[in-house]
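*Asks:* Listed below, chain by chain, are the residues.
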Amino acid sequence: MRKHVSALALVAGLGFLASPAFAYTVYVSNEKDNTVTILDSATMQVTKTINVGQRPRGITISHDGKFVYLCASDDDTIEVIDTATLQIVDTLPSGPDPELFVLSPDGKTLYVANEDDNLVTVIDIESKGVLAEIPVGVEPEGMGISPDGKTMVNTSETTNMAHFIDTATHEITDNVLVDSRPRFVEFTPDGKEAWVSAEIGGTVSVIDNATREVKHKITFEIPGLRAEAIQPVGVRITADGKKAYVALGPANRVAVIDTATYEVQKYVLVGQRVWQLAFTPDQKTIISTNGVSNDITFIDVATDEPVQSVTVGALPWGVVVSPN
Amino acid sequence: MKSMVPNTLAVFIGLFLASVNVCAVAAQEAAPQPKAEAPAKKPEKPTVDIKLGYLRAYEPQLALSVLDVAPRDEGVAGANVAINDNNTTGKFLNQKFTLDVTEVKLDADVVPVFNEMVAKGDRYVLADLSAKQLLSIADIARDNGVLLFNVGATDDSLREEDCRINVFHTAPTRSMLADGLAQYLIWKQWRKWVLVYGSHERDQLFAEALRRSATRFGGEILAEKEFKDTGTARRTDSGVVQIQRQLPVFMQDLPDHEVVLVADESEVFGTYVPFRTWIPRPVAGTAGLTPSGWHPASEQWGGTQIQNRFAKTSGRRMLSKDMAAWTAVRIIGDAATRTQSADEKAIEAFIRDDKFSIAAFKGQKLTFRKWNWQLRQPIFLGDGRSVVSTSPQEGFLHQFSELDTLGVDQPETKCVLK
Chain A
120 MRKHVSALAL
130 VAGLGFLASP
140 AFAYTVYVSN
150 EKDNTVTILD
160 SATMQVTKTI
170 NVGQRPRGIT
180 ISHDGKFVYL
190 CASDDDTIEV
200 IDTATLQIVD
210 TLPSGPDPEL
220 FVLSPDGKTL
230 YVANEDDNLV
240 TVIDIESKGV
250 LAEIPVGVEP
260 EGMGISPDGK
270 TMVNTSETTN
280 MAHFIDTATH
290 EITDNVLVDS
300 RPRFVEFTPD
310 GKEAWVSAEI
320 GGTVSVIDNA
330 TREVKHKITF
340 EIPGLRAEAI
350 QPVGVRITAD
360 GKKAYVALGP
370 ANRVAVIDTA
380 TYEVQKYVLV
390 GQRVWQLAFT
400 PDQKTIISTN
410 GVSNDITFID
420 VATDEPVQSV
430 TVGALPWGVV
440 VSPN
Chain B
630 MKSMVPNTLA
640 VFIGLFLASV
650 NVCAVAAQEA
660 APQPKAEAPA
670 KKPEKPTVDI
680 KLGYLRAYEP
690 QLALSVLDVA
700 PRDEGVAGAN
710 VAINDNNTTG
720 KFLNQKFTLD
730 VTEVKLDADV
740 VPVFNEMVAK
750 GDRYVLADLS
760 AKQLLSIADI
770 ARDNGVLLFN
780 VGATDDSLRE
790 EDCRINVFHT
800 APTRSMLADG
810 LAQYLIWKQW
820 RKWVLVYGSH
830 ERDQLFAEAL
840 RRSATRFGGE
850 ILAEKEFKDT
860 GTARRTDSGV
870 VQIQRQLPVF
880 MQDLPDHEVV
890 LVADESEVFG
900 TYVPFRTWIP
910 RPVAGTAGLT
920 PSGWHPASEQ
930 WGGTQIQNRF
940 AKTSGRRMLS
950 KDMAAWTAVR
960 IIGDAATRTQ
970 SADEKAIEAF
980 IRDDKFSIAA
990 FKGQKLTFRK
1000 WNWQLRQPIF
1010 LGDGRSVVST
1020 SPQEGFLHQF
1030 SELDTLGVDQ
1040 PETKCVLK
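Here the protein sequences come in this chain order: A and B. Taken in order, the first sequence gives residues 120 to 443; the numbers are from the numbering used here. Taken in order, the second sequence gives residues 630 to 1047; the numbers are from the numbering used here.
Everything labelled a hint here was simulated from the structure, so no lab data went into it. Among these hints, one or two may not hold up.
[Said to hold, decoys possible] In silico SDA-like links for lysine to any residue, alpha-carbon gap of 25 Å or less:
hint	chain 1	residue 1	chain 2	residue 2
1	B	K984	A	R345
2	A	K336	B	D983
3	A	K311	A	E382
[To be verified] Just a few of them, taken from the derived set where beta-carbon distance is under 7 Å, the chain A residues facing chain B:
hint	residue
4	G256
5	V257
6	S299
Even glycine gets a Cβ: it sits at the ideal position worked out from N, Cα and C.
Next comes chain B alone, as it looks inside the complex (with noise of 0.2 Å):
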């Protein structure tokens, strides 16, 4: 039933064009006409408008490594390629995307400019914000018909005793980060793993993330020390001198290991940790191996071709974040695309539907866990530069999908969407 639609569009497309001779472009272009009225003549539809709006909260942030400073536009870049890709399939069926981006601070309370956005008719809303932001605007959300993409989030809490009905999850969460991790470092025979992280909340989460994953998975934390931001300035001319005799002497009373787990997302110490660790070992986590949702050197899978089309249009590499947004964005453009409508309900039924599937560049079709709609995906195991690995792991098997052998399975979700 679905493919019969669009048959009949490009049907009715392919005898319009025969007998004018114009391309499709400029089909699109044309004055819009009722089909009823003219049917042998002018077939086109008129081009409907589907809107789609960003939510950011966002602040400049420093990082210990001037390299990892999020870009500006981190990902309402990846958002602005896919509505590209979604126009360039959208003038074949005369549909135009558009973004509109809402930017608030970090801590701000986010309900009044969603009302606005809501006023303003935005149906389809990507959300880059704090688990707790996220949270007071759900179920507005939901009280509205208007879908939520999260494409910043990884709280685990958002798909489990926090999940809603009306949030899409294209973002990882830390439980599927640390298993795709934690695979790898299982499948390396390296079991043995000391784990040091910070003293802010979303550290302690993927720490905890990182204990879970050891404990599925086999991998034996021998100990666990907590470095306390004391509030240092990150950058000082001299700092290097002080970190270099620091680390080894906070890292020295930690039992023998083979490796050093990392949980530092806010990016207080957990760069420093390679190559000053007391004993030679490798480091992972938020530090050294890290997993991600993309990764910028990732070329596997057709990913060049995303890659040089995002560094075209955006001047800088891919990361995560863009991929997640791009994702959303995709999923969409894919649904209005399939279901030749910018129906709301259409769209969300057919993103609801068992057969759903989205592709992104990464080597298998990607679907939503459907007891917490989090998009199932493969983890990028990098260093800065490359790609070393992506999980889930050869051997890791699982009843239904391998996927689901990242992050919070089935049987173990807390979630009841309401």
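Just chain A, with the same shape it has in the complex (with noise of 0.2 Å):
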């Protein structure tokens, strides 16, 4: 592992030598098994599983690739995994029962839903210290931040709406209706929508930044397939902002969606369960968590066409690639 990132360091020092399959570290949460899988990018091998706390879920990594963090939620912690040892070295102070987080564009807070107590806690991971504790709906779940940093975006899962923070006050400015259940907010890079997926109702949500209205939502049609298993999870946008996945559940696909048109261009079959997805930093391959199949689905961006799947721990739930 050690010998790997060295020598990503040496070709990236080395100036951009172009390469077809740029290798980078995958990190998977097993919600199940309690354990993260680590995987090369390159190979779609798994070079390592470590053991965390108890039903990891929500994870990212800092921006200069350091630390993994990582929601153990029955715990009811956030735990700091340093990348170069694979250690947990630290734990930050989530609040009750954390499933999912956002770390803010300058990487110095991070912004934890806690699902039983119908808060965002906004923590500062240099002194581990909480910042505020803003009151939301009932179950809040996904947690988007727009990429100037100014506004964060909350969904409550009982309460069906997407609560607009402004991240200087902490406090809620607009409070937008979408459909039953939304899971995970995602902002164009722009800033100018954030996309809100709705498991039960199974749409997506187009939020007009400016306006904070709805501005369009994108239903799934799978023939073949009852509307009740179309059920909206993780949502990705590619940096261009022009491709936006979506991943659908017990559908089994993550769907392709021209964000110009807001039509679906493709559905792509993974695994069982579709649940959350993370881009390579590179943009070429898109990962997919399917929790029942107990796998990950390497995703080809360029055609749309799944490359391959690769078994990792119980339940996979999140996933995060190292930006280096």
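Using the hints, put the two standalone chains together into the complex.
*Replies:* Right, dumping it as structure tokens:
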């Protein structure tokens, strides 16, 4: 692992030698067996599995790639994993039952959804202090932040709203109603739209960040599949802002959407109960976690074809890829 | 159109907050002012009260196992958690929900108390009553524009020959419960059953639902036997000694089978059947593997969250009736949220809309059967400790909704809404 990282650094240092399959490190949280699986994105092989806290779900990484942050939901804490040693080196005070979180663009602040307490907890990573607790709707879940870091959006699953929060004042400025059980928020790279998936509603609401109104609602239809099985969860949008990927849960597919027309271009068949998604930093690959089939799928972003599925731990939930 | 109203409000709140820098909760508490008078300054609406009534027939009842004695607040506790949930949402929209509980004796005439509730202004009433009691108030409710939500009665008759246009059912029916169980037994390829049932009316009704499920899904009931209630005390110090001897004798003349089905809603003998059968066989029905609308140990589909919330609020685990009541209150709450109003006509129209659905920790959206206003829902199968499975089972298909493989389907319904 160590060797791998330094080799990468060397390649980077030599000035971006053209490499068709740049190797990044992929981290997958496995909800059921309390582990994180580590893979090499180039070989698509598991390199290591580490034990973590109970019920690991939300996972993200510091912008310098040095630390992975992991929600250990049943331990009511966020674990900090040193990516060099793969040891848990620290914990952050998350509040009870953390599920999902988002890191501020400057990498200093972590915004955590506390499902059991109808709160969003704001944590200063450096001091490990709680900066604020923001009361939101029932069962806060999805967390997104605008690229300028000024607006944070939380979704509450039973209240069915996207709460827009001013990160300077830590106060809610707008509450936008969306469909049932909103799960995830993703801003477009230009910060103009927030995409909110609704698991039970079966839709993705595109919210205009200027007017804070739903400007479009994306629906899904898959021949031969009943509507109830289409349950949008994870959403990712390419860095150029042109394509969006939406994980459709028990529909076992990832939808590829043209962000200009909001039309679904393709449904990529992956594994069972596809949950979350992550791009590799070169944007050539997007990876899905397929909970029920205990694997992840590497999808080629150029062709939107599934390339390979790799078995990881039990009930893979979240995925993050190292930035370097 | 539906999303227009809330979004407009959200923008108003946004503008207000930007200028005055007060949080949304404070906005609700500020003195109400009509929007038209000061549109630029005070855009918030006055807090709207939405009152819900809860009418229940209750008396303490014994059970064969003390673990099965119904908690004092069964059902009501679920409604209260949903009221809290509605109010958490309501604080963003200036809506306040309250619950008013009225209790009568088990076989009481409920008409006078219901009339009082109507007079008080209750327009949404959760009913945890017998079928007979519910039927006695259904038409009074209809004539007064009151919507009833049946959270307790599993009687199919209330959804069939005695169905009413103003009665919504969040509790599943006996036929839905029996079908959920039967599908699982068929999936297991355990098709040969014997049926033992109690001598009270509700036991016979569940036995009938099990017979119907057998015919529907290809189970075979090889023999049946009635266990007569001779009025024995349910708890005696040395009772277990006798039961251990009596039960096998009761069952020894039944032909060989794969599963024993028990229909004993009256708690006379059912709990005694598992492990005391003549031949070693699994037990299902009202004892052993039991179908239900909710399970206190379900943690799937976000269930952990409602379970934690419920346990924290009520100090016990969440039961099926709690979930039926929670769901009913959430249906009204969601309609009020999305219509942005407490207007009864708007709320009713929203609930009756083709697009209406509610999320209730069962893995998919729940919708109403429009032919009798029964809420479609998966059925949990569990023992006393954990969830074994949920139905509909894989492979039981339906042209419209797989949830309609559970219970009486539209082509068979006897319901004519009035």
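*Asks:* Give a verdict on every hint.
*Replies:* These are the hints, each one checked on the structure:
Pair hint K984 of chain B plus R345 of chain A holds up; C-alpha atoms about 15 Å apart against a cutoff of 25 Å. The straight-line distance between the Cα atoms of K336 of chain A and D983 of chain B is roughly 18 Å, inside the 25 Å bound, and the hint therefore holds. For the hint linking K311 of chain A to E382 of chain A, the alpha-carbon distance of about 18 Å falls within 25 Å, and the restraint holds. Interface hint at G256 of chain A: satisfied, since its Cβ lies 6 Å from the closest Cβ of chain B, which is below the 7 Å cut-off.
Satisfaction of the interface hint for V257 of chain A is found here, the shortest Cβ-Cβ separation to chain B being roughly 5 Å, below the 7 Å cut-off. With 7 Å as the threshold, the beta carbon of S299 of chain A comes within range of chain B, its nearest partner Cβ sitting at about 4 Å, so the hint holds.
No hint from the list above goes unmet by this structure.
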